[in-house]
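For the record, the sequence lines run as chains X, U and Z. Each residue of the first sequence is one higher than the last, beginning at 1 in my numbering. Each residue of the second sequence is one higher than the last, beginning at 1001 in my numbering. Each residue of the third sequence is one higher than the last, beginning at 2001 in my numbering.
Hints may be right or wrong, so weigh each one.
Claimed, not checked - When the alpha-carbon atoms are kept at most 27 Å apart in a straight line, the in silico BS3-like pairs for lysine-lysine are as follows:
#, chain 1, residue 1, chain 2, residue 2
1, U, Lys1047, X, Lys47
2, Z, Lys2138, U, Lys1047
3, X, Lys47, Z, Lys2047
What the hints contain is simulated information worked out from the structure, not anything from laboratory work. Treat the numbers as computed from the prediction; the structure is a model and nothing was measured.
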Amino acid sequence: MTASLSPIVSIAPEIVASARLTVETAGAGFTEVTREVARFIAEARAKDGVLLAFIRHTSASLVIQENADPDVRTDLATALDRLAPADAGWVHDVEGPDDMPAHVKTMLTGVGLHVPVIEGALALGTWQGIYVCEHRAKAHRREIVLQFIGSRR
Amino acid sequence: MTASLSPIVSIAPEIVASARLTVETAGAGFTEVTREVARFIAEARAKDGVLLAFIRHTSASLVIQENADPDVRTDLATALDRLAPADAGWVHDVEGPDDMPAHVKTMLTGVGLHVPVIEGALALGTWQGIYVCEHRAKAHRREIVLQFIGSRR
Amino acid sequence: MTASLSPIVSIAPEIVASARLTVETAGAGFTEVTREVARFIAEARAKDGVLLAFIRHTSASLVIQENADPDVRTDLATALDRLAPADAGWVHDVEGPDDMPAHVKTMLTGVGLHVPVIEGALALGTWQGIYVCEHRAKAHRREIVLQFIGSRR
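Working from the sequences, and respecting the hints, build out all of it.
So this is what it looks like as structure tokens:
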């Protein structure tokens, strides 16, 4: 393996900024929130540090994925449907056939993520976007806690 | 999509607090540790910031999931058994038929997580609990490193 | 359940250190980067805090897994191939049959992770190593952002 490490940039942490982002999903599928997260970073006057996001639910998750071809999100949703099918004979079915698959999909994809912030911008890769994944069939209001730890512009 | 961002609250980071939580699991299944993590937050006199948890193992993981109906955890375990069955013909089988499935389940669910801390409390959703997922059949002692970055009460 | 919490160690956060680690993968499989991450911790003069790693791609991921028997990584890759087979009839296939499975595997295993740093060392478990998981068939150059938040030696 060939690996190389760039020079290290060190700054003093000055703030922990926190806000709540509320997103209305349109039912099962991916809702991009990259622009909203970037707005938080701008309004918090974040410079260098880490952005953390946490979704306060057990049937919706946060994922960083391809932001170019929408077919990718269609296929990602199909993949999750295959991994957690509605007709798998779940014990917990009182909240409808889409509820237990939604919990499994949330467990597999996760409720938290972080993105480095460098020179005031999210250090996402060219093809990366931040998405709320709604795993229930119907539209839901979802709450995300955004936080930034680092230096201030 | 409709999205709204709350006002931002900014504080100065004052501490990084660290402790080790040791949990004796009862064998395969979910052990809730939300109360133990809340006790760490209280004893560290954490106010606003981020709680991080990291489990130092490759056959047990950390998951945030539904804390109401125990049937949900039963179904989550069943889902993981289907995704990583014991009889899949694993190359690595010297540590028993439950070992390699345990590694796969750990890879899929993850060894680290974070939870925002607001006004001295874990900002979990109403139905969210923090769980150690034991993926080996037998009882194990598991070590978790808890950390808090933020301001102090 | 039996659980015990160690005494809490609190320090003042002094730095957020950031660097970019570039890794040339050899095609599909696991590339260990534990040594490179430890080198970053040493060069940043990190003492107590948190190491965060983020990979800027949607078809490669970061995983903490067993570092002893290489058969484990073979089986982990096989498990991922079963969960996201190349011949599943993906809609998105313009970038080759290994592209969409790579996105699914990345979603399931994640692009970010954290490891506690205690007394200047990564607090990994005995059997834990940090790996870049290449999910495309061919070799790729992958960029990882390493960050440390905490106190300085």
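Any hints this thing doesn't respect? Which numbers, in order? Hint 2 contradicted; others consistent.
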